[in-house]
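2 protein chains.
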Amino acid sequence: MTATGPADLLERVLRGDRAAIARTITLIDRRPLDAPGLDAVLAPHTGRAATVGVTGAPGAGKSTLVGSMLKSAVRRNDRVAVLALDPVSPLTRGAVLGDRLRMEHTTSDERVFVRSMTADNGAGGLSLAAPFAIRALDAAGWPWIVIETVGVGQTEFDIVEAATTTVVVMNPGAGDEVQAVKAGLLEMADVFVLNKADRDGARTMRLDLERTVQHAAPGAWRPPIVETVASEDRGTDEVWAAIAAHRSWLTDTGAMPRRQQRLLRLALQGVLSAQLDARIASTMRSAEFAALLEDVQSGRTDLALAGASLLRGVLAP
Amino acid sequence: MTATGPADLLERVLRGDRAAIARTITLIDRRPLDAPGLDAVLAPHTGRAATVGVTGAPGAGKSTLVGSMLKSAVRRNDRVAVLALDPVSPLTRGAVLGDRLRMEHTTSDERVFVRSMTADNGAGGLSLAAPFAIRALDAAGWPWIVIETVGVGQTEFDIVEAATTTVVVMNPGAGDEVQAVKAGLLEMADVFVLNKADRDGARTMRLDLERTVQHAAPGAWRPPIVETVASEDRGTDEVWAAIAAHRSWLTDTGAMPRRQQRLLRLALQGVLSAQLDARIASTMRSAEFAALLEDVQSGRTDLALAGASLLRGVLAP
Chain Z
18 MTATGPADLL ERVLRGDRAA IARTITLIDR RPLDAPGLDA VLAPHTGRAA
68 TVGVTGAPGA GKSTLVGSML KSAVRRNDRV AVLALDPVSP LTRGAVLGDR
118 LRMEHTTSDE RVFVRSMTAD NGAGGLSLAA PFAIRALDAA GWPWIVIETV
168 GVGQTEFDIV EAATTTVVVM NPGAGDEVQA VKAGLLEMAD VFVLNKADRD
218 GARTMRLDLE RTVQHAAPGA WRPPIVETVA SEDRGTDEVW AAIAAHRSWL
268 TDTGAMPRRQ QRLLRLALQG VLSAQLDARI ASTMRSAEFA ALLEDVQSGR
318 TDLALAGASL LRGVLAP
Chain F
18 MTATGPADLL ERVLRGDRAA IARTITLIDR RPLDAPGLDA VLAPHTGRAA
68 TVGVTGAPGA GKSTLVGSML KSAVRRNDRV AVLALDPVSP LTRGAVLGDR
118 LRMEHTTSDE RVFVRSMTAD NGAGGLSLAA PFAIRALDAA GWPWIVIETV
168 GVGQTEFDIV EAATTTVVVM NPGAGDEVQA VKAGLLEMAD VFVLNKADRD
218 GARTMRLDLE RTVQHAAPGA WRPPIVETVA SEDRGTDEVW AAIAAHRSWL
268 TDTGAMPRRQ QRLLRLALQG VLSAQLDARI ASTMRSAEFA ALLEDVQSGR
318 TDLALAGASL LRGVLAP
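So the sequence lines, in the order shown, correspond to chains Z and F. This note's numbering numbers the first residue of the first sequence as 18 and each following residue consecutively. This note's numbering numbers the first residue of the second sequence as 18 and each following residue consecutively.
If you are wondering where the hints come from, they were derived from the structure by calculation, not from laboratory data. Cβ atoms here follow ideal geometry from the backbone N, Cα and C, with glycine treated the same way. Hints should not be assumed to be uniformly reliable.
[Claimed, not checked] A few chain F residues that face chain Z, going by a derived Cβ cut-off under 7 Å, partial list only: (1) 57; (2) 129; (3) 167; (4) 284; (5) 298; (6) 299; (7) 320; (8) 328; (9) 332.
Chain Z on its own, in the form it takes in the complex (with noise of 0.2 Å):
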C-alpha cells in the first residue's frame, strides 16, 4: 500500500514536525476517505501513545479542566496534544470553533499541540477522521493525547470512550447528571473528576459517585474520584495521577491491547460508513433516484419498494 498523500509529508510526521502534523490532520478532516492510505504509512509508528478522552455534561468546564491539565502537564515537562471535537451545528459552529482557534493561538509552548475538529461532511465525517487524527499525532511521537468533546452527540462519545483512559467530568449538585451516570456512563468512566468542587454540594456529589463506583466488578478497574477546581489549577495534577494510575492498571493486567482495539474498531467503522455514505450520495444524485422519487409521490410505488431497489443499485460493486 503506498501513500495517497505526500510521502516527504508524513515523513517530517514521523519526525515530529508540528507544521506537517498541522497539515495531515488537515487533509484528514477535509479528505477523510485519504485517510487510510496515509496510516498505512504511520501505522507502524504507532501504539505509543496514551489517549484520555474527556467528556460531561455542557457546563461542566471540560475546556477548563483540559486547560488546568495542559499547565500541570507542562510544569513536569510532559508533552501533551489535545484534539478537540466540535459539534456540528450551523448555528452554534462559529462560536464554539472560535473558542477553540483562541486557544491554539495561545498555546505557542513546543510541549503543547492544540487542535479542533469540526464534523462538516455530518457526523459520518467526525466518525471517521478522529481516529485517524489520533493515530497520527500518536505516530507523530505525542505521548499524551487529550481528546475533548464540546459536542455531546454520539459520534462525540463514541471517540472518547475509544481512549485508553475516559475521563467524565461532573459538577456538584448536578442530580441528573448522577441518573446518567448510573443509567449509562459508568462503563465509560476510568476516572471521575468532580469540578468545581469548592461549590454547595460537593461532599454529597462525592458520596453518590462513591456508590456509583462501588458497582464495579471483581478485579475489574475502580474508577477514582478526583477533586478539582479547575479555574484554580487545583487538583489537576492528581487527574494526572488517576489517569497514570489507570494507564499502569491496563499495562499490568495485560488489558492494554483491548482497549487500544477500540480505536481500530471505530476507525474501521468510519472508513466503511464513508465508503458507503459515499455510494448512498451517489445513489441519491442519480436519475433512478429522482425518478423513483417522483413515482413514490404519485402513489405509482411506495418508500419500501423504492428503497429496496435503490438499495441493489447502493450494493452493486
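Based on these hints, arrange chain F on the given structure of chain Z.
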C-alpha cells in the same frame, strides 16, 4: 406490499385515533426498519399536511414559541401536532426528555398532539424514524405538523429543513447567530422569528436580518421577520400568518410538490442508511472483523486494506 404492522392499527390511524397514532409512532421509533412497510399502507393518505420546522440556537426560546403557537392555533380552533426531536446525548437525555414528557402530559386538548422522538439507535435512527412519523401524522389527518428540534445536530437540521415551511428563531443581541445565518441558514429560513423582541438590541437585530433577507433572488420567497415575545404570547398569531402566507406562496407558484419531495428524499435516504448500517453492524460482529482487527494491530495488514476487505463483505448480496 403488505403492512408489516397490524392492519387494524393503521385503519385506526387513518380514522385519526390518537392512541393508534401514538402506538404507530412508537413502533416507528423502536423498529425504524419496519417503518417503510407501515408507510406503504398510509402513503395514499399523505400529502395534505403543512409541516413547519422550528429551529434556532439553544436558548432562543423554541419550546416557548411552539407552546405559544399551540395556544394561538387552538384559539382559532386549528388542529396542530408537534413532533419534538431530542438530542442523542446520554448526558442530557434524561433532563430534556423529562421536559418533553411533562409537555405531553399537560396537553390534553383534543386539538393538540405532542410527541417527542429521541435517537436511541444513533443519528441514523432519528433520520429514518422522524420522516415516517411525520407521514403517519399527515395520514392521520393532522393539518399542521410542527417539528421542533431540541438538539442541534445535522440530522435534526435535515429534518427541520425538510418541512414545507422552516422557521428560524433568533434573539436580539446574538451577533454570532447572524453570522451563522449569513454563513448558511439564510437558505433554510422561510420565516424568521425574532423572539424576546422586547429586549435590548431587537431593533439592531431586525435591521441585520432585513439586510440579510434582501439578498433573496428575484422571484424567490423573501422570508418575513416576525417579532415575538413568546413567553407572553405576543406575536405568535403573526407567526402563523407568516407560515400560512408561505404555504400559499408554495401552492400558488407550483413549488409545493418539489418542497414536499424533500421529506420523501430524507425518508428514502434514511431507509438506505439504515439498511447499510445494519449490514455494517453485522459485519462488525463477525469473526472476520475480529481477525482483521488483530491483523491491523499486529501490523500484518493496514486499515485501508482491512477496510476494503470488509467493504466487499458488506456489499455481498
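Quick rundown of the hints versus the structure:
Taken as an interface hint, residue 57/F checks out: its beta carbon lies about 4 Å from the nearest beta carbon of chain Z, inside 7 Å. At a threshold of 7 Å, the smallest CB-CB gap from residue 129/F to chain Z is about 27 Å, leaving the interface hint violated. Hint status for residue 167/F: violated, given a least beta-carbon distance of 12 Å to chain Z, over 7 Å. Hint status for residue 284/F: holds, given a least beta-carbon distance of 6 Å to chain Z, under 7 Å.
For residue 298/F, the interface hint is violated, the least distance from its beta-carbon to any beta-carbon of chain Z being 9 Å, above 7 Å. Interface restraint check for residue 299/F: the shortest CB-CB distance to chain Z comes to about 11 Å, outside 7 Å, so the restraint is violated. Annotation: interface hint on residue 320/F holds; nearest CB of chain Z at approximately 5 Å, less than 7 Å. Contact between residue 328/F and chain Z, as hinted, is supported at the beta carbon level, the nearest pair being about 5 Å apart and thus within 7 Å.
For residue 332/F, the suggested interface contact is upheld, since its CB lies about 5 Å from the closest CB of chain Z, less than 7 Å.
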